[in-house]
Amino acid sequence: MKHYEVEILDAKTREKLCFLDKVEPHATIAEIKNLFTKSHPQWYPARQSLRLDPKGKSLKDEEVLQKLPVGTTATLYFRDLGAQISWVTVFLTEYAGPLFIYLLFYFRVPFIYGHKYDFTSSRHTVVHLACICHSFHYIKRLLETLFVHRFSHGTMPLRNIFKNCTYYWGFAAWMAYYINHPLYTPPTYGAQQVKLALAIFVVCQLGNFSIHMALRDLRPAGSKTRKIPYPTKNPFTWLFLLVSCPNYTYEVGSWIGFAIMTQCLPVALFSLVGFTQMTIWAKGKHRSYLKEFRDYPPLRMPIVPFLL
Amino acid sequence: MAVAAATAATRGNGGGGSRAGAGEASSARKKRGPGPLATAYLVIYNVVMTAGWLVIAVGLVRAYLAKGSYHSLYYSIEKPLKFFQTGALLEILHCAIGIVPSSVVLTSFQVMSRVFLIWAVTHSVKEVQSEDSVLLFVIAWTITEIIRYSFYTFSLLNHLPYLIKWARYTLFIVLYPMGVAGELLTIYAALPFVRQAGLYSISLPNKYNFSFDYYTFLILIMISYIPLFPQLYFHMIHQRRKVLSYTEEHKKFE
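Chains A and B, in that order, are what the protein sequence lines are. One point on numbering: in the UniProt record's numbering, the residue at position 97 of the first sequence is 97, and numbering is uninterrupted. One point on numbering: in the UniProt record's numbering, the residue at position 60 of the second sequence is 60, and numbering is uninterrupted.
Some hints here could point you the wrong way.
As the list claims (entries may be wrong) - Derived coverage of chain B by chain A (criterion: at least 3 residues anywhere in the stretch with Cβ under 8 Å from a Cβ of chain A; other residues may be distant):
#: 1; region: 111-118
#: 2; region: 198-207
Unchecked claim - Stretches of chain A that chain B covers, calculated by requiring three or more beta carbons in the stretch to come under 8 Å of a beta carbon on chain B:
#: 3; region: 182-190
#: 4; region: 260-268
Since the hints were made in silico from the structure, they are not lab data. Fair warning: this is a prediction, and the values are worked out from it, not measured in the lab. We put the CB at the ideal spot given by N, CA and C, even for glycine.
With the hints as constraints, model all of the structure from the sequences given.
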């Protein structure tokens, strides 16, 4: 069996970084990345992007050398993706922050609302209910990150964690400040409004969890295969008939419920920003479903049934 | 001419992933730029805006000559200044509908920050209108805008005099810091009056469970200049090197 020679050049400077002789023809890109790391330990595999063209697309880890359009001497171009961090770490930091920060405001720790309110409790029932809902939401997300989600991409750039945490933590503090404020004004329509909002919130949380479970069951552990998700026996997953990403639909629903419950403008703004971001993600996912599957159900929209 | 094109091509590649040189950019615009109707509209818009800022410049000079003092010149040009600076909002629309190839976000940011300063600071806090700092940014803006809008006009007509190109990529070295200084000093001067009057502020309790403190907001705006100003300034210096050095080479071959 004939061996391949692989040379790796820097995509920017064209400087020769590494020469690998005697590479097995059926070696994958992942294996080449591992060989490259041996001569350049600062670039661990997740940091590397290897491509055939300096400005082209990154090769996937599972691609095989002999199936690439190269001769027996392959030239690959390397780009450093920067420091990487695992998705699980990012998600846990993102979600643990709001959970903790909200509670600081709920318990009115010193230096927030003035000395005389330190560790006092709100006289409005809705404030306590809101705290339960908010904490439940983030505990659910943390547990899902640990036990439900399967991440197809192992890592993301380190700078993402700063960006994402500023967003989640900042909004959590802003919302919590007003909801737990001693001058908080309870909802205009009283208990009725709170009950309706709670119902929306609970239904959407159950729905979101059901979708996450359905997506998990769709992809067996360790595999990277993709399938069209369909409704299951669980009625909450029936939303798959109408939208590609019902998990986002339910997530936005939860926040709308929380906004109605607390009647707090920053919560409404957070819902709106979240909705915008999730719509962008849902459209991307929807597009990739349409591209990948010819028989994709035509009735489905990305995130809002019949509309968006 | 063929040699010049070849130089442009090597520059484009040799730049190592940098954006296309000025020559390539203008030929790209010819290919998929705005249609004749949009071009006609843009020419009219830019001519009107150039004229508008010229009116402001002339107004400033005349008022100065009439008064013999540069204090409180703002009142003599208040109306055209508000009108033409607000008219710059159309630039965001131009980017959004794609007849101008600039970034919508960046353009919005630049235009909105000026519209904010005109309406939410200078117009809203009467006490600062007679400050000299207002004149500082008004003069900087006026010169910048006359050059910028005439630059666009001539570019659209494909007859850009080198002097205007040079001025656009050179005068900012002085005008940009001058404008920023004027803007910061004006906001700073407005702070005590904003606090005293509780201007544009919302306090708890209210049924939306939301509060807003314009005084703090203005301080945050001032702080945001610290990271933004050097970034934009050095971006412009970089642009200057790219655009002007290309032209010099280009001229050698012609």
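Results for each hint:
{"no.": "1", "hint": "111-118", "in the structure": "violated (count 0)"}
{"no.": "2", "hint": "198-207", "in the structure": "holds (count 4)"}
{"no.": "3", "hint": "182-190", "in the structure": "holds (count 4)"}
{"no.": "4", "hint": "260-268", "in the structure": "holds (count 5)"}
The structure is inconsistent with hint 1 alone, although it conforms to all the rest.
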